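Two chains, two frames, some hints: make the complex.
Line by line, the protein sequences give chains P and G. Numbering-wise (numbering that gives the first Met the number 0), the first sequence opens with residue 0 and increments by one. Numbering-wise (numbering that gives the first Met the number 0), the second sequence opens with residue 0 and increments by one.
Hints should not be assumed to be uniformly reliable.
Unchecked claim - Under the rule of at most 20 Å between Cα atoms (straight-line distance), these lysine to any residue pairs were calculated in the SDA-like manner: (1) P/K62 / G/A280; (2) P/K62 / G/K262; (3) G/K350 / P/S116; (4) G/K350 / P/G5; (5) G/K262 / G/A280; (6) G/K324 / P/A63; (7) G/K325 / P/G112; (8) G/K325 / P/A63.
Said to hold, decoys possible - Among chain P residues calculated to face chain G with C-beta under 8 Å, some are: (9) M0; (10) I2; (11) G35; (12) D36; (13) V38; (14) F39; (15) K62; (16) E66.
Quick caveat, the hints were computed from the structure, so don't treat them as lab data. Computed from a predicted model, the values in this text were never measured in an experiment. We put the beta carbon where it would ideally sit given N, CA and C, even for glycine.
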Amino acid sequence: MNIPSGLKYTKTHEWVKVEGNTGTVGVSDFAQHELGDIVFVEAPQPGDSVTAGAQMGTVESVKAVSELNCPVSGTVAETNEALADHPEYLNQDPYSAGWIIKVTLSDPKEAEGLMDSQAYAKYVAESGH
Amino acid sequence: MENLKKTPLNAEHRALGAKMVDFGGWDMPVQYTSILDEHIGVRTRAGLFDVSHMGEIWVEGPQALGLVQRLSSNDAAKLAVGQIHYAGLLTENGCFVDDMLVHKMADDRYLLVVNASNTDKDFAWVQKNAKGFDAKVTNASPVTAQIAIQGPKAIEILQPLVPDADLLSVKYYWFTYGTLLGEKRLLARTGYTGEDGYEVYLPPAKAPELWRLLLEKGKAHGLVPAGLGARDTLRLEACMALYGNDIDDTTTVLEADLGWILKLNKEGHFNGREALEKQKAEGAKRKLVAFELTDRGIPRHGMDCYSGGAKVGHVTSGTQAPYLKKPLGMCYLPAELSKPGTSFEVDIRGKHAAAKVVPKPHYKRAK
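So here's chain G without its partners, still in its complex pose (with noise of 0.2 Å):
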């Protein structure tokens, strides 16, 4: 455990009495006190997450533009400065290199933000892209710290350190700049919990006094510490893909229902293109779907799932849902049994379990 790669809020992770697990070669806390009541506090009140572990990527320069549409599922000519979208960083067989943020920072400068456990591979595969594009990228994650406040207090306990931003009127999936503890610090309202909230981003040493603050000033709306164990399950509550588990480089942006990151009307050649173009007239013909267990049980990754005695896919998450309070996952099933209200089983320990298919998101915030 002695190699593992440590955020600068390691410490404070352990001063607070957090468990540690090794999350793709990070020591990353997994819960503090309770999985559970972490994810109740989040979806009831607010919680603190350390995602510093996150891997940030510039790309820079008169061509990046045409770098990250080289290198997207999603359409970036079409953000905004101050925008953000959700996208696909796809291999030339349509499937997830990783799947990111796009953030569009200026006409010529872009912020890629994607998986931990990805970042090297990704960066890599950015700059082997890079090639012929006058465009320069930089791989800023070690000189960038991220915590994410989250949950319908999450606004409520953040603007009051943030004088000069109103953080109310920043809409989902845009970012603003603050001061934050006398620096000006990128906000974004973004997250993986189906909560509202934000995404700080700011150099590690900054970072513990940060934390400590919010901790504190949290205290009286009920913020928690929220570790990796709540991030999953409240992810998966909100149908957010998980990489590695949902998607991977064995997947398409279509197989897993992302058709709606995908923009096969924008202009100019982008990996994945030909091969999304084709599936998509033929159909995909498995799918990522939502499900929930209709007999007892708890349906885990990588259990198999049963159709009419035969095997037609597998569990890609499960969990029993904190917040919902019942079995439930995503698995990828042929497309004709796709369908929200159709039935099958999972494989739990040699048990068929009955499930059926329900729509997408299992949990959805009141607005």
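Only chain P is shown next, with the shape it has when bound in the complex (with noise of 0.2 Å):
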């Protein structure tokens, strides 16, 4: 399991990485693994407001569909449009071409409340996986 170090996780598996005023957002690697084969993804355009805690989006896999929260607040910067062709990124490369938006934040300390990848790494072996 690849949880990397610098970035933020919530409780429902996306990461978001803060750089200055602005946060990227995606999936973990626990979350990719979980899903299998994703084949779709919907995310929010440049523009859209986004809130903490509430769905952004969905993931779908060849099964199933998941919703999609967004770990920060703020409006979307930044889509990435590459999935569109190549959902497969999220399996293949969560942290880095994976990524699924890019959120000027309203507030860079938001993300201070979410878990480090120590925590995160725990939540993730607590929850039974």
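In structure tokens form, the structure reads like this:
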């Protein structure tokens, strides 16, 4: 299980990487593994507002649909257009090529309330997986 | 999860690292590595499936044919010994208790292969209908394992293990017997993937050895173990109905667009005959069609279909098709909207995505 340090994680298995005013958002390696082959990603578009903890889109594997929650609040600055043709990037490279959106943060300190990599590793282990 | 039923291959699946799920009360592998890879593996090379959970019901005796005819939508009198056909196990309303494969083993012996989760219900229905017939019915499911090998390389892999049978000379939907691991086995050229291949019937205790042998011998041909996830997407591309999704005890044979397994000209009464004669005369009001989504999105079982702002039907099966690489499915639509080319919409979580009816099947293998 790959859980890079330097990122913040949610209980619903999304990650956010905060750099200044911008937060890059994706799903964790654990999440992509649980979902299986991802074949469709529906994400908010630039200009849309997003709220921490609220649903911002969906990720679909061959078998199932899963909600995608936003770890942070703000306005979408950029959407990863490559995912329209290559949703499998979420499986292959969840922390880099598989990023989903970049958010202009309304409060850069908001993400501090999320789990760090150690806490998330413990959370995943304790949730019985 | 402790009380789930297990096939004789359960330990094999776990040793292969399969993701296991509860499938109608059975602890079954949904995937080993990836549904996409397993699906493509079956379409382009070969896949190995544990289908031991399927139900096997024997009908034997002087009036075995009469009982099968009473139960089935198809005309079993037309079967030769060694031949198999697809059929509906019908209610009095012409709907499906189940769908099944009918194998004619001898003039007085038939083997019905039915869906795992329906086996007990089906057997009770067969027993109930058997009253008055000089025929014995047996539920052999607990003592019968089944392994399917499917795909363009399937026969190449299986043939060397069965030296006394010529597997290529057996026609599709016929069976033969061959010596496999030292014992005669029933080998049926059938499947649920849209590919060529065989389904092998054998006692549960013998199944693990055959499973391992096939995986080993098939490796050089690119054989992969394939789970229920791929089985579902494969059968959907091939437009083969799934009981509980596309057909059930509220859908008739005609509505399911399975007129080719309905033989109203066969002799004698059969369950559902009156209802189906009436529906045929009046025309079925709805029909199970194949469709593709023309907008982005993935259709799923249970989503509603709309036309002209009105709800007109529902999706029975839908997926992002792994081989055809597009979102597609099957759905019930009113007869007047069932022609290929007709546009309608699928309600995907509140958004109406454009769809169009297409000819069946979505996928047909090159012969």
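Determine which of the earlier numbered hints do not hold for this structure and return their numbers in increasing order. 1, 2, 3, 4, 7, 9, 10, 16
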